[in-house]
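Hey, can you work out the whole structure from these sequences and the hints?
Note that the numbering used here has the sequence shown beginning at 1, numbered continuously upward.
Just so you know, these hints were derived from the structure itself, not from any lab.
Don't take each hint at face value.
[To be verified] Mimicking SDA-like on lysine to any residue, the simulated pairs with C-alpha atoms at most 25 Å apart in a straight line are:
1. Lys67 x Thr377
2. Lys67 x Ser886
3. Lys67 x Glu325
4. Lys500 x Ala521
5. Lys639 x Thr686
[What the hints assert, rightly or not] Computed beta-carbon distance windows for the label pairs:
6. Gly868 x Asp764: 53 to 63 Å
7. Arg561 x Arg707: 46 to 56 Å
8. Glu378 x Lys510: 46 to 56 Å
9. Glu719 x Arg847: 17 to 27 Å
10. Ala209 x Gly621: 56 to 66 Å
11. Arg222 x Arg561: 32 to 42 Å
12. Lys510 x Pro696: 24 to 34 Å
13. Asp121 x Gly445: 46 to 56 Å
14. Gly303 x Pro328: 25 to 35 Å
15. Glu598 x Arg707: 49 to 59 Å
Virtual Cβ for every residue (Gly too), placed ideally from N, Cα, C.
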Amino acid sequence: MTQLDSFTSRLAFRLDDFQLRACEALEGGHGVLVCAPTGAGKTIVGEFAVHLALAGGTKCFYTTPIKALSNQKYNDLVAVHGAESVGLLTGDSSINPDAPVVVMTTEVVRNMIYAESRALDGLSHVVMDEVHFLADRFRGAVWEEVILHLEPSVRVVSLSATVSNAEEFGDWIQTVRGDTSVIVDEHRPVPLSQHMLVGQRLFDLFDPADTGPARKAGTRPRVNPELKRQIRHRILMADDERESSRGRGRGRGSGPRRDGRGPALSRPNLVTRLDREGLLPAIGFIFSRVGCDAALAQCLRSGISLLTPAEIGEVDAIVDRHLTELSPTDLDVLGVHEWREGLRRGLASHHAGMLPTFRHTVEELFVRGLVRMVFATETLALGINMPARSVVLERLVKYNGEAHVDLTPGEFTQLTGRAGRRGIDVEGHAVVVWTPEVVPEEVAGLAGARTFPLRSSFSPEYNMAVNLLGRLGLDGARELLHRSFAQFQADRSVVGQARKLDEAQRALRKLDGELARTAQARGLEPAEAEADSEDEPYAGFLGYVTLREDIRSRERDLKFRRRTDTHDAITADLAALKRGHVIGVPVGRHRGLAVIIEPATQAQDPKPLVLTEDAWCGRVGTRDFVNPPEVLGNMRLPKNADRRTGRGRRDLASALRSTGIEMPRGRQKKRADAADDTELARLRRTLRAHPAHQLPNGDELFRLAERRNRLLRDIVNAERSIGDRTSTLGVTFDHIVGVLSELGYLERVAESTESTGHTMLVTDSGKLLGRIYSESDLVVTECIRAGVWDDLSAPDLAAVVAALVYESRRDSYSGVDALPGSSSMRAAMAATVGIWSRVTAVEQRHRVSPTREPDTGFSVAVATWASGRSLGEALLLAGERGQLLSPGDFVRWNRQVVDLLEQIRLGVGSDTRLGGTARAAVKAIRRGVVAAELG
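The following block contains the structure:
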């Protein structure tokens, strides 16, 4: 009996083909990469790896990208294998860490590798759930670090959403890990139907007549024509009603809009409609925390309820169980009553601003079918096991932290992949709510593009650099960078560029031969003079072609220089104009005399206010002038010249005409610089004297020469592209090594015969940096070295550390100047900012992206909390622009502060003064609602 037989014997279902193939490959001793849609059952393969490790008496690490997934998978595995066999390690939880199976976030196993932890002994399998996270621009490099550093004997089980370049990703894993089977399955176990909700009517997105077996394979079904007719009808009705409203003189604030361009459907009506269609439970994705809470509040005000009395009793029991660790005082601050009221009606919101306890309660109730409608942000789609019958998208645009952008096909697939519960639903349903900005064909494009390409985000950082150099040396570190997926993808793209370069060079050689034969037939030498003759630099026909190119280039340069000089002169003269100056506007509808009413206020882009002869009043700028404006005279203006009324403007225009000042007539443009350029004149004389100048312009030689010039441009561009792509990682790494060397974290210790010419040694400071895993790792380590935190109290240390992890949302950055608190804390904060400033100066010299500036927006709140004050007071002090910080964010930032404090304690040692203060700060933060969440 095989291990796979033993594993499947306790399952209540049969394995799908892709699961079976992956498990067979794993039992055969291969690593596996499994790419399958959300909800297809990829984790079965990971669970089989756990089974193999336990059966073989070895270890298995099950890694996930987020703590919520780790907790969920820990509970799943404990239910199967028992608590004694399974452990949990996240940034703030440690349960049975020596167990043969340990669930952990990916950063934990990366840190173990760099620390050369004994926990890696006996490790046979590592499951990397949601491995497509390596595309994440903030954390993605961790996945590549783990894959590259694990011992070759460890079998890596990579579980990914369906990506369009799965074979490329698989080829890379095979290159760096050896024997790996790539299993790709694009079949959804539960089919997904796409719909659009237009007003009160629900339509299929695709034409029902075009989705059957008769449709040609590989073609996308047509958009439902009835849907398109309904949308056209609503737009026409809205336009007619808008015109009618204008005719009745309806004002802007005279009543609610009924033009179809506001919200298409209220949330209570949406829930009712989904319930009537049998499409609940559903997840409504709204890309805003405030929007999620507002949608829930709207449903609660409507009185809608989706649960029976018996179900309400179950909800109360589950809620009470989750709230046992929270104090009554905290419950009042957290608004538990309103939250519970929504749950008792089968309604909830779900986003990162909620307390984790609240989110976990919602997740459990939703899986049990006791919450029927959840309004959630996209974070819910990141692997958390909350499948629904339906998914609703109100908008196809989201804010990405910098701008509002359209959903990508990959994001659309990830969100709609939550629809359809395996073993429960016959099919899942994705519903897009129509608004006038939504085009059905674009929705069809998103729905039809099932996959997205996986792109590496790997880039060297300070902590990574010292750990690589410490473990592998300089050459080994560079070699590992060359093995990264980022370099693999760059090299793959370079292969195509190199092929184009080779083709262009071969075409150039062939063309040169053809050109030589044609030139000789006309009695001309084909090539430029050989050797280093300076007397005849343009000999031969190709020399003639080069001469023509040099003339064109010189003319372009002179023209550009003249245009730049003219623009600068126009800008300066416009900025210098005074009130009452009369100038001539040479172009445009209002050409003629103009008097300056108001001088320009900006020197860089001056736009004085003028009034022209035809009584037009407006601002003119550099675009209105060919040459610098000339002051033609002065006009006396009344102190309060009336330019706002038609009569006042006409009177001023009449006064302007009566001044007797006239526009210059027949004014010549400035003589072109090319006419006076001696170098250009010399080149033109050489051109006229060249033997090839007698050839007609239509000659075959000129056509061949133009083809040759195009090929040369292609070759130059291809060579530049190859150089840019292949050197980026290495250049970045060398710049980081330069920063670390200047600051004393690395030391050049010996000359050698190696290609590098020297050997780099990691200093004691570098080893400390290697234990700090933070976005501001270098600033943290510099502060420790400088001793600026040594004399702080526990709350003050927490406040300063918070400034290095906290990042204000959007534009509400908080600096040191407005920071209240003790004088010692303020002095330490000022010293920390000073160190950051010095670090960024070094980074600038070495062309490294600067470390983010410390942000004190959370410092007062964490110091208040660590001092023993109430949750309500801490939340108030943590608010931005008068808004309370959400409980979920409060706990999340405290968690990150605790994580960095623990790193500092372990880095400097608990027996040091700073280490003892860090330990005390962690203890002070771990209380109340924070302790309940950190465990």
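Index of numbered hints that the structure contradicts, given in increasing order
4, 5, 6, 7 and 11
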